[in-house]
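Each chain, written out:
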Amino acid sequence: MKSFVGDFYKLLNLLKVGEPFAFNRFSDGELFILQDKELILNAQQVKIGAKVTDGIYKDEDHKRFHPEEHSFYRDRLVDAFRFSKQNYFNGLSCRCCVGEENFQWQLDFHGAYDENFTWANLLVNGNYPRFIREMYPVFNNYRTVFVCNEKADLSVLPFIVKDFRVGYNAMINDYGLIETMKSWIDENDIAGHLFLFSASSFSKMAIHQLYKHSDKNTYMDVGTTLNPFMNMRLDRTYLKSFWLGAKGADLNKICIW
Amino acid sequence: MIKIVSGHSYPSGPALALVNLCNQFNARGYACVFYGPDNWHVDKCKSGALADFIPEAGDTIILNGIALLSTGDLRDVNALVGAGGRGRLRNAFREVTLKLLPSRRPRNYRLFLTCLSDGGLPCSSVRLSLFQKVHFVSSSLKAYSRTVYPKFISPDFSNELKKIDNKPEKVAGVVGSIKRENHIAEAVEAALLDGMETVIIFGYMKDPEYYFDKIVPLTIKHAGRIKYAGFIDNKQKMYDAVSDVYVSVSKPWSMVGQECAMTNTRFHAPGPASADGRMTNDQIFAIWKNELVL
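Respectively, the protein sequence lines represent chains F and H.
Per the numbering used here, the very first residue in the first sequence carries number 1; after that it's consecutive.
Per the numbering used here, the very first residue in the second sequence carries number 258; after that it's consecutive.
Take these hints with a grain of salt, some might be off.
[Unchecked claim] Capping the alpha-carbon separation at 25 Å, the derived lysine-lysine pairs in DSS-like fashion look like this:
hint, chain 1, residue 1, chain 2, residue 2
1, F, 151, H, 471
2, F, 63, F, 47
3, F, 10, H, 303
4, F, 212, F, 162
5, H, 436, F, 247
6, H, 424, F, 162
By construction, these hints were calculated from the structure, which means they are not laboratory data.
Make the full structure from the sequences, and use the hints.
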């Protein structure tokens, strides 16, 4: 029986013992791209397929995916989603967050059940206090590389030894950075490092390709979890609840499989 | 068997003290298990989840941070801890009722209460008559002088730490759980005022709202000079990373001052140093052995 808390501690234990792994996350945004729906997220509008609502996204979160124009990148996302390797943990959107139909779609689209399936939300919701209090301090054990938005301030994080920056719509605009990172790993014989990613859909493709290229490092998509330490906005409900004490049930939410 | 049962086992000074106590018992041939509700302690000593704790005949049970009012509650101590602040009115009524009823110590096992800091559960929250004795980590604890009941003092066991040659310069560590009562922001500012170039905060994120309200503005004001590391298990690594340690609240029972001395780290704290003097682990264990009649 899969356990939201149990899977969290599985990754935490790997971190503690220094066993390399990759944790990739496919949230609703990636789900829509995998479903080949047009996606526009900006200040003016949120367009998912044919459905359009008011925009809420700030510059660094702008995203635009057009199925015909950007099919190459969607294919790379599919590669990341279907990739299977020891200690490659694939975080799926759970049925309690995206609904039964979308959850089942992911399983069908993947094609084979993978023991390493886990939750895309593994580090947030009911696990977020554990992430900050128990997993974050373990990052100090690693020489850590951070991949994040160009606006992020990393000076509060004491474990960072190197950073790679991306801009908006990084999945498309910064795709070439993956090769740059591979070269950096090779040229500097990088092993035993921890790579943290907070770069939206770019993270998914990069984590897949980098873990495939060098599985001697650990790669984790940490999403927006470290925003409070990076002078970035707290615009997610779980962040507002934890750091500002705002009302909301997210911190009590234990996602189901 | 000796069973240490605590209402919390997240990374903090008291939880570390209980881990050390458990390890000392086991290392000296006295089987001991530390039961706690959190996960932090499980890989640091012989441990169990709080839900797995069962009082058994012949046990010596050391209780910390649990509002025990009747021995019956020990049968489901996990529920007692989990209840926390829920149903306060009902709990208050139950507390008053139980305190009016006669009580006696359990016959099959022995109970000891341990008080490890001023911030923990007050002794008035438990029914002292159930316990053989109360352990205090220091005579400077407020509850020590207020408690008229058989009691003994024994400081925390110390960790093995050593001095290193290449200490950094002007790097301050602020040590303590992130919460208002520890005045972490004031310690950070004191370090910066003293000319420290970098300040690293080492502490469990107990109160994130306090961090966001008081520490984040400092990280913006003094951009690039303040870092947050969290609670670091590896004490040697923590002390090796700093030249100075700052705390803003006087805690004479805290091990931080002693550990600074052991690692050649300058220690900046208000108030007097420990009133109980420094003891070796053998001396500390001898107190426990004597008081618990092991």
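Verification of the hints:
no., hint, result
1, F:151 x H:471, "holds, 22 Å"
2, F:63 x F:47, "holds, 10 Å"
3, F:10 x H:303, "holds, 20 Å"
4, F:212 x F:162, "holds, 21 Å"
5, H:436 x F:247, "holds, 20 Å"
6, H:424 x F:162, "holds, 23 Å"
Taken one by one, the earlier hints all hold for this structure without exception.
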